[in-house]
Amino acid sequence: MALQDLCNFQDFFQDSLTKQSFSGTFGKSTACNYVSSSSFRNSTSLFRFYIPVAEYLDESPIQFGQISTVQSSSAFSSQDSILSSSSLPTSLPFASSQSVPLPFPMSHGTTTLAFMFQGGVLAAADTRSSCSGLVACPASQKILPIHSHLVGTTSGTSADCALWKRILARELRLYQLRNGRRLSTRGAAKLLSHMLHPFKGTELCVAATLCGWDGGEVDDGCHAGTETDLRASFSGPGLFYVCSDGTRLQGTLFSVGSGSPYAYSILDQGVRWGLTVDEATSIAREAVYRATHRDAYSGNCVDIYHITSNGWTRRSREDLKEEYYREKERKEKANIGEYFGET
Amino acid sequence: MEYLIGLQGRDFVLVAADNVAASSIIQMKHDYDKMFKLSEKILLLCVGEAGDTVQFAEYIQKNVQLYKMRNGYELSPAAAANFTRKNLADYLRSRVSSLPVVFNSSPHVLLLVVADLTRDEAVDLLKKCIEELNKRFILNLHSFTVRLIDKEGIHDLEKITLGNK
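Protein chains in written order, with our numbering: chain A, 77 to 419; chain B, 332 to 496.
Honestly, I wouldn't trust all of these hints.
As the list claims (entries may be wrong) - Stretch by stretch, here's where chain B covers chain A in the computed footprint (C-beta under 8 Å, at least three residues):
1) 242–255
2) 264–278
3) 335–343
What the hints contain is simulated information worked out from the structure, not anything from laboratory work. Cβ atoms here follow ideal geometry from the backbone N, Cα and C, with glycine treated the same way.
Could you build the full structure based on these sequences and the hints that come with them?
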């Protein structure tokens, strides 16, 4: 069947299993001629957690660090938009053991934060993409939705984050198709952490917090209900921090990036479990605002996403310079008030 | 920087580890558990470089559990330690350029001669060690998970938390 060829299922599961799970979902097999020519589902498939070996690098058609016009332009454009190119990673760029000159100097400036409270999970981030002193994009998106009930904040290299979020989204969707339920946030964090592990020690830099809501979904009828009922009993918010150096932490409050100390200062004094949604939104906004005020690599606008059992909702993007001018006005009024002796 | 300690008494072992999960200079978590339960009577305490600790410890953990599933009985602590050590040595020898896993030489432990400690004496000694740590160590390690292992298995003891310095 087409999907089997696509995903090399014969390598992973026994024949009987694949036939059972897919005879229901795919009534007809479509002839996908392009599949055989693309090499993205060969032995470097991520499910095998391939560890790079030197021999592979010599044969790789795309050598890491070699600047081709196609590569550098796609790296730049991915900084200001979600990676939407149609080419999936045909061969993942494993770094060679010698250090290779990077096409441009990278710096990892951002402010992202996420916390859990009684109303769900709130994630906020600024929108500045910087590139060693230059604001490469003032309107980038640092919170990327992965599926209806999971978003991830990104910090580190924008291109790496965008790519790995898409890869994670693909793997989660495959899991959902195979197992009839969404993978929990904890499972998604573990999956991302294991996918990033082979790249430890390379220049890859991804520091993400996964914010999601688990459980509470109706069985789609394709699989036996008893197994899933017993297994997935946890339902509720989940917040995990995953870093490409291997850290994977569960928590209720995280802030990542160069502006995170400033954000922590606001969050540590304001965040409690009992916040209302409006209060939580204003604290998150304030934290990002203060961080953008002090940190050179954070700025421009703030994005806020709120995740509940119904999925994620996005607050419209707000330009923080308005807030800065409003605050300045307030201060001036207060000063004038004092000067003239008003109470 | 992190802290682990183990004390062996007459018929028990007392272990403690701090609870901080840090990322460079920021404490990301204050209640992080650094102990991995390998089996009913074996704990692995692991510190070192960020992702390597968890990956390595989980690998050892799953393998010990697999042994139990395959053979029907658990690995002894000595055997588990040998297995861990062999894996660590192989791992260290396989990568010459960088050492991914480091057994951290933590702040030095004042280990007195531990002859025959009773449980209470051991807990007191542990508290003294932690007080000394608090006095001399540059980092503020606020709370410690404490567990006791004896022939009945692994018991959680009360967390030791210190007031502000």
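Here is what the structure says about each hint:
1. 242–255: As far as the stretch 242–255 of chain A goes, the hint is violated, because 0 residues have Cβ atoms under 8 Å from chain B.
2. 264–278: Contact hint for the stretch 264–278 of chain A vs chain B: holds, 4 residues under 8 Å.
3. 335–343: Holds, because 3 residues of the stretch 335–343 of chain A bring their Cβ atoms closer than 8 Å to Cβ atoms of chain B.
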